[in-house]
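Asks: Spelled out, the chains give:
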Amino acid sequence: MHFVTGGAYNGKAKWVRNYYSEKAPVQWISAYQDEALPFDFDEDFVVLQGVEMWLRNDIQEQTAEAIRIKWQEIIKRWRIWEEEKKTRCCIIIGADITKGIVPIEACNRTWRDASGWFFQDIAAASSRVDIIWYGIAQQVK
Amino acid sequence: MAKAALYFITGGVRSGKSRFAEQTAQEWAIEQHATLHYLACGRVFDAEMAERVNRHQEDREKSPIPWKTWEFPTDIERIVDGINQDSVVLLDCLTTLVDNELFTQQKPLEAEFLEETFIKIMNGIEEIQRHAACLIIVSNEVIQEPIFHNEFLHTYAKMLGLLHQAIVERADAAYMVEWGIPVMKKGGTPI
Numbered sequence: 000m001h002f003v004t005g006g007a008y009n010g011k012a013k014w015v016r017n018y019y020s021e022k023a024p025v026q027w028i029s030a031y032q033d034e035a036l037p038f039d040f041d042e043d044f045v046v047l048q049g050v051e052m053w054l055r056n057d058i059q060e061q062t063a064e065a066i067r068i069k070w071q072e073i074i075k076r077w078r079i080w081e082e083e084k085k086t087r088c089c090i091i092i093g094a095d096i097t098k099g100i101v102p103i104e105a106c107n108r109t110w111r112d113a114s115g116w117f118f119q120d121i122a123a124a125s126s127r128v129d130i131i132w133y134g135i136a137q138q139v140k
Numbered sequence: 000m001a002k003a004a005l006y007f008i009t010g011g012v013r014s015g016k017s018r019f020a021e022q023t024a025q026e027w028a029i030e031q032h033a034t035l036h037y038l039a040c041g042r043v044f045d046a047e048m049a050e051r052v053n054r055h056q057e058d059r060e061k062s063p064i065p066w067k068t069w070e071f072p073t074d075i076e077r078i079v080d081g082i083n084q085d086s087v088v089l090l091d092c093l094t095t096l097v098d099n100e101l102f103t104q105q106k107p108l109e110a111e112f113l114e115e116t117f118i119k120i121m122n123g124i125e126e127i128q129r130h131a132a133c134l135i136i137v138s139n140e141v142i143q144e145p146i147f148h149n150e151f152l153h154t155y156a157k158m159l160g161l162l163h164q165a166i167v168e169r170a171d172a173a174y175m176v177e178w179g180i181p182v183m184k185k186g187g188t189p190i
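Protein chains in written order, with numbering that gives the first Met the number 0: chain Y, 0 to 140; chain F, 0 to 190.
With the rest of the complex left out, here is chain Y:
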């Protein structure tokens, strides 16, 4: 698993597209395009873009702790899918929303907390982690 993060509009997707340009075909699934999150993928290389938006669907009804547990299970399923075949790689792009002022609305605080944990769990499960700053990658794992 390869986790790519950084602030919004820092060029994360562009960097991933460039980095994996040789690895075609890549299946690209974007939460920003309102695409549903599948668990079985067609290609060996899968990009899941905007994972924080999928997580956001849960913030109205669940606590940050419950959301974390739910998404830990999802991360496990991605890992299992990857391990079924050696060539498979799951590339996860998430916008960092954890470094601003505490949001006024409770659900946005939940979202922020849950996404912090979610990103920690993705990073732990990933063999490589990059933070993108205006198009420049810093590999931190």
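There could be a bad hint or two in this list.
Far from chain Y, some chain F residues (derived; all Cβ distances over 12 Å) [what the hints assert, rightly or not]:
{"no.": "1", "residue": "Arg18"}
{"no.": "2", "residue": "Glu30"}
{"no.": "3", "residue": "Asp45"}
{"no.": "4", "residue": "Glu60"}
{"no.": "5", "residue": "Ser62"}
{"no.": "6", "residue": "Pro65"}
{"no.": "7", "residue": "Asp74"}
{"no.": "8", "residue": "Leu101"}
{"no.": "9", "residue": "Glu111"}
{"no.": "10", "residue": "Glu114"}
{"no.": "11", "residue": "His153"}
{"no.": "12", "residue": "Gly179"}
In silico DSS-like cross-links for lysine-lysine, where the CA-CA straight-line distance does not exceed 25 Å [to be verified]:
{"no.": "13", "chain 1": "Y", "residue 1": "Lys69", "chain 2": "Y", "residue 2": "Lys13"}
{"no.": "14", "chain 1": "F", "residue 1": "Lys185", "chain 2": "Y", "residue 2": "Lys98"}
{"no.": "15", "chain 1": "Y", "residue 1": "Lys98", "chain 2": "F", "residue 2": "Lys184"}
{"no.": "16", "chain 1": "Y", "residue 1": "Lys13", "chain 2": "F", "residue 2": "Lys106"}
{"no.": "17", "chain 1": "F", "residue 1": "Lys61", "chain 2": "Y", "residue 2": "Lys13"}
{"no.": "18", "chain 1": "F", "residue 1": "Lys157", "chain 2": "F", "residue 2": "Lys185"}
{"no.": "19", "chain 1": "Y", "residue 1": "Lys140", "chain 2": "F", "residue 2": "Lys119"}
{"no.": "20", "chain 1": "Y", "residue 1": "Lys140", "chain 2": "Y", "residue 2": "Lys22"}
{"no.": "21", "chain 1": "Y", "residue 1": "Lys98", "chain 2": "F", "residue 2": "Lys157"}
{"no.": "22", "chain 1": "F", "residue 1": "Lys67", "chain 2": "Y", "residue 2": "Lys13"}
If you are wondering where the hints come from, they were derived from the structure by calculation, not from laboratory data. Here the structure is a predicted model, which means the values were calculated and not measured. For glycine and all other residues, C-beta sits at the position ideal for the given N, C-alpha and C.
Fit chain F to the supplied structure of chain Y, relying on the hints for placement.
Replies: Frame of chain Y, contents of chain F only:
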């Protein structure tokens, strides 16, 4: 005609980014026997802003090489009449320029206007680069918080993020200043 060297310096509020930018400009000017030009994009409309401006002015007055100050809240390329191939230009700061370009015309923030503004700012930067030895651009770190539910913040963050990406791509060196410490993100040798 050779293009000016381009430096991009960003950081949080009161991170010391302006001071680092000024030092960088001065060192460049001393080494290259260049003149120093301060391109101020801010408009002073309250006491707090005046305090910030004064603080930076006092810093610049201590400089061994005098600074010439230009105030262009919009249309930054107007500075080219006053500079030449021996000039170091410090643009402070990109976020205020974006504010001024976006909000002084009272136009709705529609896609076409945003695109125009993006091109206008990038053209301004390029025009200055064509007429100077070195251009240093100071900007603010874009917010990293839940912005997606707020249309206005979203548009603003996107504009600034895209500009930062485009400038970093063209820059010879890019720094993020953290608590007074410049962290080099791009570039060969530290200044």
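Asks: Hint by hint, note whether the structure agrees.
Replies: Hints versus structure:
no.	hint	result
1	Arg18	holds (21 Å)
2	Glu30	holds (26 Å)
3	Asp45	holds (21 Å)
4	Glu60	holds (32 Å)
5	Ser62	holds (29 Å)
6	Pro65	holds (33 Å)
7	Asp74	holds (25 Å)
8	Leu101	holds (15 Å)
9	Glu111	holds (19 Å)
10	Glu114	holds (15 Å)
11	His153	violated (8 Å)
12	Gly179	holds (19 Å)
13	Y:Lys69 to Y:Lys13	violated (29 Å)
14	F:Lys185 to Y:Lys98	holds (23 Å)
15	Y:Lys98 to F:Lys184	holds (19 Å)
16	Y:Lys13 to F:Lys106	violated (30 Å)
17	F:Lys61 to Y:Lys13	violated (43 Å)
18	F:Lys157 to F:Lys185	holds (22 Å)
19	Y:Lys140 to F:Lys119	violated (39 Å)
20	Y:Lys140 to Y:Lys22	holds (21 Å)
21	Y:Lys98 to F:Lys157	holds (17 Å)
22	F:Lys67 to Y:Lys13	violated (39 Å)
Going through the hint list in order, the structure does not satisfy hints 11, 13, 16, 17, 19 and 22.
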